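> Here is how the chains run, residue by residue.
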Amino acid sequence: MRRAVALAGGTLLLAGLALAQETPPASEDTRLPPESNPGEEVIQRRPGRSEPLQFFPPPVDPRQVPAPSAAQPRETLPVPDRWRIMQGLGYRHPWYDPYNQNVLKGDLPISAGSDWFFNLSAVSDTLLEARRLPTPVPPQTSTRAGSSDVFGQGRQSTVSETLIVSMSLIKGDTTFRPPDLELRLTPAFNVNRSAAEEDRVLFADPAKGRTRDDSQVALQEAFADVHLRNASPRYDFDSLRVGIQPFTSDFRGFVFQDVPFGVRLFGTRDNNRWQYNLAWFRRVEKDTNSGLNDIGKGLRGDDTFVANAYRQDFPAPGFTSQATAMVNRNKEDKGQYYDSNGFLTRPAAVGDERPHAYRVTYLGYNGDGHFGRMNLSVSLYAALGHDDHNPVAGRPQDIRAGFAAAELSRDFSWVRVRLNALLQSGDKDPFDDKATGFDAILENPQFAGADSSFWVRQAVPLIGGGGVALSGRNGVLASLRSSKDEGQSNFVNPGLALVGAGADIDLTPHWRLTGNLSYLQFQNTEVLGVLRNQAPPSRSIGWDASVGAQWRPFMSQNMVLSASAAALLPGEGLKQLYDTSQSGPLYSILANLLLAF
Amino acid sequence: MPADGRLAAARALVLVAAAALGCAGSSGSGPPCAPNCLSSANFLSAADVQRVIAQGVGEAQARGAAATIAVVDRVGNVLAVFQMTGAAPNAAIAGGRGVAGGLEGVTAPSTLAAIAKAITGAYLSSWGNAFSSRTAGQIVQENFNPGEAQAPSGPLYGVQFSQLSCSDVNTNAAQGSVGPKRSPLGLSADPGGLPLYKNGAVVGGVGVIADGVYGIDLNVFDVDQDTDELIAVAGSAGFAPPEDIRGERITANGHAFRFVDSESLASNPASAPAFAVLPGALVAVPGYVGAAVGTGVAFGTAASGYRPATTPALAALGAFTLVDSGDAERFPPTAGAGAGALTASEVSRILEEGLKVAQRARAQIRRPLGSAAEVSIVVVDLNGDILGLARTPDAPLFGTDVAAQKARGALLFSLANAAALIAALPAPVAGYVPAFAAFVGAGGSLDGGTAWSTRALGNLHRPMYPDGIGGTPAGPLSRPLASWSPFNVGFQLDLVQAQFLAGVGGSTATGCSGLSVATNGIQIFPGGLPIYRSGVLIGAAGVSGDGVDQDDMVAFLALSNSGLGNAPSAMRADQLSPQGSGLRYVQCPQSPFNGSTEQNVCAGL
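First to last, the sequence lines map onto chains C and B. Numbers 0 to 596, taken from numbering that gives the first Met the number 0, label the letters of the first sequence in order. Numbers 0 to 604, taken from numbering that gives the first Met the number 0, label the letters of the second sequence in order.
Please note: incorrect hints may appear among the correct ones.
[Said to hold, decoys possible] Capping the alpha-carbon separation at 35 Å, the derived lysine-lysine pairs in DSBU-like fashion look like this:
1) C/LYS433 - B/LYS197
2) C/LYS574 - B/LYS355
3) C/LYS207 - C/LYS333
4) C/LYS207 - C/LYS296
[Claimed, not checked] Restraint-style ranges between C-beta atoms, simulated for each label pair:
5) B/GLY95 - C/MET166: 53 to 59 Å
6) B/ASP243 - C/ALA315: 49 to 55 Å
7) C/TYR95 - B/GLY440: 58 to 64 Å
8) B/ALA148 - C/LEU560: 41 to 47 Å
9) C/LEU592 - B/GLU242: 54 to 60 Å
Derived from the structure by calculation, the hints contain no laboratory data. The structure presented is a predicted model; accordingly, all values stated were derived computationally and were not measured. In this text, a Cβ means the ideal position worked out from N, Cα and C, and glycines have one as well.
Isolated chain C (complex conformation) (with noise of 0.2 Å):
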């Protein structure tokens, strides 16, 4: 048998084939079931509430291969565990192999007899990004003689390397049923380097220079994930996972996609059609430069009440329907908090600077997939609350606030070719007792081109209007807000509404090319003309076009290597407020290699 294994080169096949090669007596095996009478009628029960399934087994052909019975005490290897048969028939591989059997990868238990299983990843991100922006040389120094104005010279570059490490301890069958517990942690470690041409850029203190390096110990990922209990034959669950974990509010991250602090109750019915989530939040602190956890610093005064449900096949079958409703009551209305370069983020050096609390409903439908050959994912947000005190309007406002975004695609055999529009309400009158402009707990967004599209992954600085951004850093809602990842939100700001067109091009297993072409303006600029103190300007963004490439070695997504190359044709509202034209060209390029254990 060994034998024949070893020839087999491993192959399940031929070891099925050597297995059967003897016939022991029947009569050993005396706890197997009777075996049924060949032309009796069989009853199998299913699950649930079908009728049960009865048929007549075909009669019995002698020249088939005889039935499996238990192998002879002295030809038998012995096996710790079921998912060991394959070790004991010889099948050994290293433990850096994740293809196949391993105990890292959750493949069998720890230890022979147990239920626990551990599950390790890892994941080396490599970034290499480079990038023009408007950007302001400090207002107190010279970065070098002879800076007569505000605009001085805007190419910057990033390189990061992120290691994250993901590592589960889960309890349980892992193949027939949900684990009965998940202890999981994933830590990340992080290095950077950024440099600029402008002093201050990267340091609120001109002094300490024009290149930085940092690095952060990030925990992405720590939480106990309880299996409650199962709902219904069908293993519809109903789980509590405690502790710092993934959430994504929508199926493109467009208001809420974080690994916040949080209890969530989560689970599935009616054979996983319905799934739910109910779930409370507590944003934790980020680092500054790698826009990872930073648990050194605590949890947020930012809490976020989720109440969501998913429907499988509504309206149609093929396409996910959500309703969602989500509480963002933000306290950070007590004094200042400084990002780890210097630079004031709460509350955002704007308006009056005045600290400030806030609370927002976000009311949701989202859906995602198909109809017929159509893919369609579309959201729609209302965004209805309170600011006790907006910076801006120097007064309580009420937040009345939309966002609606779509993307239509259809795939021609190996294109797909994709149609995005966005809408983002924005502000009309600063001072109003209202705020309209919509902006995101924390955005993450999937769409329009993401991060290889320039508008969404740059963020613009509003130079001269306060320590605001256009947008977020991968970000796409023009929000004005100190940072995406540590500042507040803020619904007063000038809105966006974006179309545009792409494509996907999977050229061959290995290559995928994609293109996006965007055309973005704000939607009322009143508040740029008050933050700036000049007349509002045109509301043209101007035109965002992206190209990337898209390359995996091994066809699989354990080597992946990209690369996008973005500019930003700046639109006249954009010539109003900065410097585009003397420059040289916005633009932002990326290259990216992952590698996944």
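Dock chain B against chain C, hints included.
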């Protein structure tokens, strides 16, 4: 849940659709007083003055306070000072930082404090902006905003030492009704000084002191119930500025200005007691006002000291000029003294080009959005004598004196004999010369080798270097942070302190410093530039009235466009990097011109 979801979706759609239909806000319309901003009816009558005082006293009574209240017109004529029975005769100057030195702890008569606060409200305001002494306090501290760590200092850092009782630009009571009048304590940073408006035009100011402390608000993030300010708010009822031009709606670097903190009055100004029965009395303040209620002048008339220029080239640009009580222009374009000096036509050209730049420039401190900057422009010769002064009609009045101070600050430090002039002054002023040279290193010997702008001087006249950055040493012209306050800043104050204190004692003698080139003192925020001909210093220009970047740009482009050009690049202070941090020579603003996409307009000039 699905029903809720549909409702939410419907709401969101409505909101988004509504937002999509919105359009950019309007801009470019005139100030709220238009078209009657210069109406001869825009002045404070004696009855108005009485009403302001009575409303203020009514609020003071309701608060159990005993106030001293001053009312001035726009050009600083003191129209009345009323002291309630029991009002403290004096106020202590206190920056609240627990430091000693400078003016800290000096006792000043409450009457002078009230006048200074009233003048501050009037002088900082215009048809397009309403600022108060609270605003002044917000923009003269070591960070802007005060309390925002790592932020550079207030944009008008040092402006508190302008309009001094010894200024040769500002007038005193002996010169009749023409302004701008001097302020006995300079500009005030103590809340309780507000502008007064009629028909949308600024016509004066009211100043109140009741708390015995002539100080400054160090925490701008809370909302104070300031007695002085609340009395002033009550006093200004009926004369309040249009809401749209109040400081809270105006931003610099995105930071909104403070106008008043609280308007929660304890009294109803509409039912204020009659002036005749007020508890207290009008008081005479020698050099400023008698014990009577006067009538204000209408700004823009010859009696105000400000009227349209008659020099053709300047008149063609709609410029205003200063006149004396005989309606003679005080500072028409004039040639400088000495060989190679500025000619009268060169002076005129600088003023004209400056006005043209200002008229195109995006105002930083005015509404409606899209307004043009309004500034005062001064040119001085090597002696510091004013060769010409022109202004756009509505430039805030404080800039008249400040423009000259800026020109003289840039001049003083750029002179070949600057070190000798300063070293000849008594301590502690003389000591700044070696400290300056040691800190700046090469280029810091004050021997005429470096062209010093007031922006660059300001970099070195802050209690932190680089400006606003914590944990750094003070600049060589500044007091160290540990002993610094807005009443103890260093060189700028030390230069004029003796005469300032004399002014606190009632002196209105002209001449603030021991230096003839800086008769009204110097200024240490941007807008002052030296003027060279072929690398030889021949004078200086100063601009004041709008955002500091606008002031810088008007001065810088005025010199460039006039044909004289700016200081040779190699001489400019931005060639120097004291302590490893480069100085700034000039900074022109973002989006400098209305209706244009031009940017970086000062590059290479």
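> Against each hint, give a clear statement of whether it holds in the structure.
Here is how each hint holds up against the structure:
| no. | hint | in the structure |
| --- | --- | --- |
| 1 | C/LYS433 - B/LYS197 | holds (30 Å) |
| 2 | C/LYS574 - B/LYS355 | holds (23 Å) |
| 3 | C/LYS207 - C/LYS333 | holds (29 Å) |
| 4 | C/LYS207 - C/LYS296 | holds (23 Å) |
| 5 | B/GLY95 - C/MET166: 53 to 59 Å | holds (55 Å) |
| 6 | B/ASP243 - C/ALA315: 49 to 55 Å | holds (53 Å) |
| 7 | C/TYR95 - B/GLY440: 58 to 64 Å | holds (60 Å) |
| 8 | B/ALA148 - C/LEU560: 41 to 47 Å | holds (42 Å) |
| 9 | C/LEU592 - B/GLU242: 54 to 60 Å | holds (57 Å) |
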